[in-house]
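Q: Given chain A's structure and the hints, the job is docking chain B onto it.
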Amino acid sequence: MTDSKYFTTTKKGEIFELKAELNSDKKEKKKEAVKKVIASMTVGKDVSALFPDVVNCMQTDNLELKKLVYLYLMNYAKSQPDMAIMAVNTFVKDCEDPNPLIRALAVRTMGCIRVDKITEYLCEPLRKCLKDEDPYVRKTAAVCVAKLHDINAQLVEDQGFLDTLKDLISDSNPMVVANAVAALSEIAESHPSSNLLDLNPQSINKLLTALNECTEWGQIFILDCLANYMPKDDREAQSICERVTPRLSHANSAVVLSAVKVLMKFMEMLSKDLDYYGTLLKKLAPPLVTLLSAEPELQYVALRNINLIVQKRPEILKHEMKVFFVKYNDPIYVKLEKLDIMIRLASQANIAQVLAELKEYATEVDVDFVRKAVRAIGRCAIKVEQSAERCVSTLLDLIQTKVNYVVQEAIVVIKDIFRKYPNKYESVIATLCENLDSLDEPEARAAMIWIVGEYAERIDNADELLESFLEGFHDESTQVQLQLLTAIVKLFLKKPTETQELVQQVLSLATQESDNPDLRDRGYIYWRLLSTDPVAAKEVVLAEKPLISEETDLIEPTLLDELICYIGTLASVYHKPPSAFVEGSRGVMHKSLPPRMGSDESPESPDTAPSGGPAADQPSVIPTQGDLLGDLLNLHLGTPVSAPPVATPTVQMGAVDLLGGGLDALMGGSDGIFVPAPNTAAPTNVGPPLGTGLGDLFDLTGGVGTLSGSYVAPKTVWLPAMKAKGLEISGTFSRQVGSISMDLVLTNKALQVMSDFAIQFNRNSFGLAPAAPLQVHAPLAPNQSVEISLPLNTVGSVMKMDPLNNLQVAVKNNIDVFYFSTLYPLHILFVEDGKMERQMFLATWKDIPNENETQFQIKDCSLNADAVSSKLQGSNIFTIAKRNVEGQDMLYQSLKLTNGIWVLAELRIQPSNPSFTLSLKCRAPEVSQYVYQAYETILKN
Amino acid sequence: MIHSLFLINASGDIFLEKHWKSVVSRSVCDYFFEAQERASEAENVPPVIPTPHHYLLSVYRHKIFFVAVIQSEVPPLFVIEFLHRVVDTFQDYFGVCSEVIIKDNVVVVYEVLEEMLDNGFPLATESNILKELIKPPTILRTVVNTITGSTNVGDQLPTGQLSVVPWRRTGVKYTNNEAYFDVIEEIDAIIDKSGSTITAEIQGVIDACVKLTGMPDLTLSFMNPRLLDDVSFHPCVRFKRWESERILSFIPPDGNFRLLSYHVSAQNLVAIPVYVKHNISFRDSSSLGRFEITVGPKQTMGKSVEGVMVTSQMPKSVLNMTLTPSQGTHVFDPVTKLLSWDVGKINPQKLPSLKGNVSLQAGTSKPDENPTINLQFKIQQLAISGLKVNRLDMYGEKYKPFKGIKYMTKAGKFQVRT
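Taken in sequence, the protein lines are chains A and B. Position one of the first sequence corresponds to residue 36 (the working numbering), numbered consecutively onward. Position one of the second sequence corresponds to residue 13 (the working numbering), numbered consecutively onward.
So here's chain A without its partners, still in its complex pose (with noise of 0.2 angstroms):
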């Protein structure tokens, strides 16, 4: 009676009964017969020997033994192309059936037998199909120009196939659009230069038309194409929206993630100031929280994007922080993402709430789960300033339970929080000692380590302590080895009298009896400082440390506003571009948020940034390189090579930290800011590099005043050659009669010749792009270098990037391409004519408010005014006025950047002191820290 049976035929022979049922002149035998075939080739059998047999009983009147032989065919004609030659006659006249279910059945399996034979037969029946009178028919076949595009696209794009999908999208019956709709995007993945969708507000009508009487599936389809368009202005956006809102109820939870997708982007046009744009926040926070009521797969993907939702709009969701608390049958992975966006969604006026969850959770059975929620009771303490008492109050009950990793979880936290406020909670450090002898992970030992080293000169026993871990010294893992080496050497320099034989104890094991590259070279360096100089070791060692940020873990801003043009879509689920993933889509198209309407342009770029309606350029990064570069220079997300290096220092994780403790504070001890030469070799930081000598000759001429071009710092290494597989890149920034210039050199140290050389930049917060191509002449023989200066203009696509000077540089050659970040001074952007009127100064200076101005102090500096004064004029900072009050002389400057953006200081010099202090103005206060930065330079140098 049940299909079963047919399994049972197991036993030898079954083969040739099967064939002999076949050729049966029973109709019912013969059905039973493909029955049994049809069932052994689900489970995986190989049946393909009865090709013929089957192939044979095609001829029918019966329809579900027509079925049933298309099944077969579907699956084995790849394996016998030229047997299934034979069945294309049947397909043929199936195609001119009256009946338009067999019509569409037979141009349906056609499209499933991918032999490329059968395709030349299948156009004439296609071309007749995708034309036909039943709309069932028509839409079924144009699925199958999606099918024949993956097995022979050229053949499609020859038998013009393309246009007549495209006709399709005006199609009067809305399943018929939305399945061409579905076969463009699929084509278009494939081919992304071809501009398949080319969406108008005419046929953008027809598609919202359509959208209302699709079935779900052709919903999803056409609110993906829509997502797409770049309305022309505000006013289509919020239409657009006005007819998409609705399918935020619809059933289908992937038609309103979708739904959420068109709207998040196009908001982005909207003007905040806009009534609507209220209403419509207000509506995406139900349909999300509906979603989580869904079954746990739904659930997990909906918080993937909704961790994405809050992070750029978190307005949203703000007062929805109770949905997301966890219930104790979730599924972990639903668990730990409900987790991770309670962290984003925490607030001073929810936090009370919030800890009291988090405390409960920690109690929970789920060990990673456990870990996760301490970690987030810690991020807490760190994002909400207020309630850092109350999450300390709450680890330290924690630690009270013993429960192992608990205590661990609670240490490390602890270490991130001693060093968001540094000495601000420090009594809790005995619980912390107490607990000493349970830690047995490196991560937590590495902490208390840190805790007590930071600590040392208020714990009594600090020697003690670190003693009896140096006891275990070689079965501890790098990570504890090198904090403790550290601690010790802080401990030593806190209470030199009665450590010394500890220091040397520890650091004879690290230089001596270590087999650690870096746990020696850290060795050796303290080693060194101490003997040398205890002083500037003290100053090094015991330096302040840079605080910690809060939000250490958001996604990077470029990065999110493409991955809100991907909600709902696997990239969105792994918060990576698809171009970082998905397999051969080396072409997907780079999408991007359409510029904001109307007012709120970035502070910094009111020149460069798109004012009119959207640039049809904007979408892309590079407008010259083609999508290749274009779509890799993407990828530079995903790689560690070329991470923003500024933003690394302060991340909250253990390795880093050692670093903070040690050789963070070793490079930025002499002025507490410490800012890294981005992906500078370690070399170059410790010892000025040679061509610092030559840049002081200069100098000297400089400050005469007879240089033409502004301070040039010397090369340093941007991109080292083991990191671009031989390609070594060093370079710097200069800026001569107007000009700015890149100025590189490209050596080449691997064993064969380099050429084809390119370069682009990403988005930059001064619109910095390249003027000319790279222009390399001959190609690269191996060990050699070639010096470019590569002219630069500032008419590029404009971002604001943290820091505001970061510059992100993609560089192609024949081997691969490679990426790294850079940080460009400052002042390579002031502008010539930056010389303001004594009048104009006054007024301005008096009109920007009080709250803008910036005082900093630039140190060791034994220049006088008129040396100064020249020396910056050089680099078109311009003296307006000097005023000698009591013995100080006041020096009133101005200088203008690229974009327009005006920048006033005043310099007051002491003629007894070295430190001058500098008080900047301007109505972009983000750029007076980097101008700072550029004084610096330019009077050092």
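You may find that some hints are simply not true.
Here are the simulated PhoX-like cross-link-like pairs (lysine-lysine), alpha carbons at most 25 angstroms apart as the crow flies [stated by the list, open to error]:
| id | chain 1 | residue 1 | chain 2 | residue 2 |
| --- | --- | --- | --- | --- |
| 1 | B | Lys33 | A | Lys201 |
| 2 | A | Lys362 | B | Lys349 |
| 3 | B | Lys33 | A | Lys437 |
| 4 | A | Lys394 | B | Lys400 |
| 5 | B | Lys289 | A | Lys80 |
| 6 | A | Lys70 | B | Lys143 |
Just so you know, the hints here were simulated from the structure itself, not pulled from any lab data.
A: The following block gives chain B in isolation, referenced to the frame of chain A:
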């Protein structure tokens, strides 16, 4: 789009595979098995698994993994929704969805899957249409088919496929015309130790069973439509009419369908119908602890609470429990440490309670985690949000249908922390 589908049973056998494009080797499932091994329980297998060349999206239903293979960027929700639709369709066709029944009907399953997707694009997913294309197997039909030689594959183009109401077939005829609506609300809540509500929300649905002749056009109105501000509709509902008049106007599909689902989250609107008093202590030194819980009605609007079931996952160190219930039956499984107590109906005069001792493994320390109590219950004739249907009207047909409406409140994920 969706490339292939594998059905995998709990013991890791692939018992069905279906490919809509080229054949993907079943070895791709090895990545799935790896993930399955890493996850302690079947429920914890992540729904999206990357492999070098494909992505595996899976759902776990009825002890079967439905694993879809995709190759390019596809909305994962689209795939997961589709997989759910596959499960629903199987259930609709065969009454249950299990490995045995799928194997028993493998050819029908194969035919149905073929109809549902074409080249990875959904083709026909409405069960109304599918059933016209491929008739669900019934004993009677199999007998008839064997005798008359007819098939269970329809040879007519399903009428709904292309009409403006694709969810309804034409020519529907019934002798008894009836339309039933069930308003079912589930309360999801987390109650903390002290009995105060941390979160509470209502997931409501209106499920319909409509057997009406011809092309009826129905309108359903509510006494208090303002409750419904977060709703998801069946495609048949005219959204404009709802926006302007707060009336559900629709041409219904034939048979069973979900008309509407809604979500009430405003805390003050969610009444908590039961409370749990608990006193659970695992004593530190001795290996005996106390356990006592009492369940009682809270805000039930005068209706009785039935089908009460209490389950709780005890900590690992609990060896056994000796408990006495005042009513119902209880089971403690010493292997899984799951305590379940089937309470039945709550009698407000004599509150059900469960008391006794907990024996802990000797020598182990007091468990760190407190067990969470999971509650199930039912209240008939009540929609806890207060939602009430005002009237149901039919246009477009002349006969007078029989109309019925039922309300019910259930516990969804109702958890009490201790």
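Q: All hints, please: hold or fail.
A: Consistency of the hints with the structure:
Restraint check for B:Lys33 and A:Lys201: the C-alpha separation of about 23 angstroms stays at or below 25 angstroms, so the hint holds. For the proposed pair A:Lys362 and B:Lys349, the alpha carbon gap of about 19 angstroms is at most 25 angstroms, so the pair holds. For a cut-off of 25 angstroms, the pair hint linking B:Lys33 to A:Lys437 is broken: about 56 angstroms separates their Cα positions. For the suggested pair A:Lys394 and B:Lys400, the alpha carbons sit about 40 angstroms apart, so the restraint of at most 25 angstroms is broken.
Restraint check for B:Lys289 and A:Lys80: the C-alpha separation of about 59 angstroms exceeds 25 angstroms, so the hint is violated. Straight-line distance between C-alpha atoms of A:Lys70 and B:Lys143 comes to about 20 angstroms, which keeps the hinted pair within the 25 angstroms bound.
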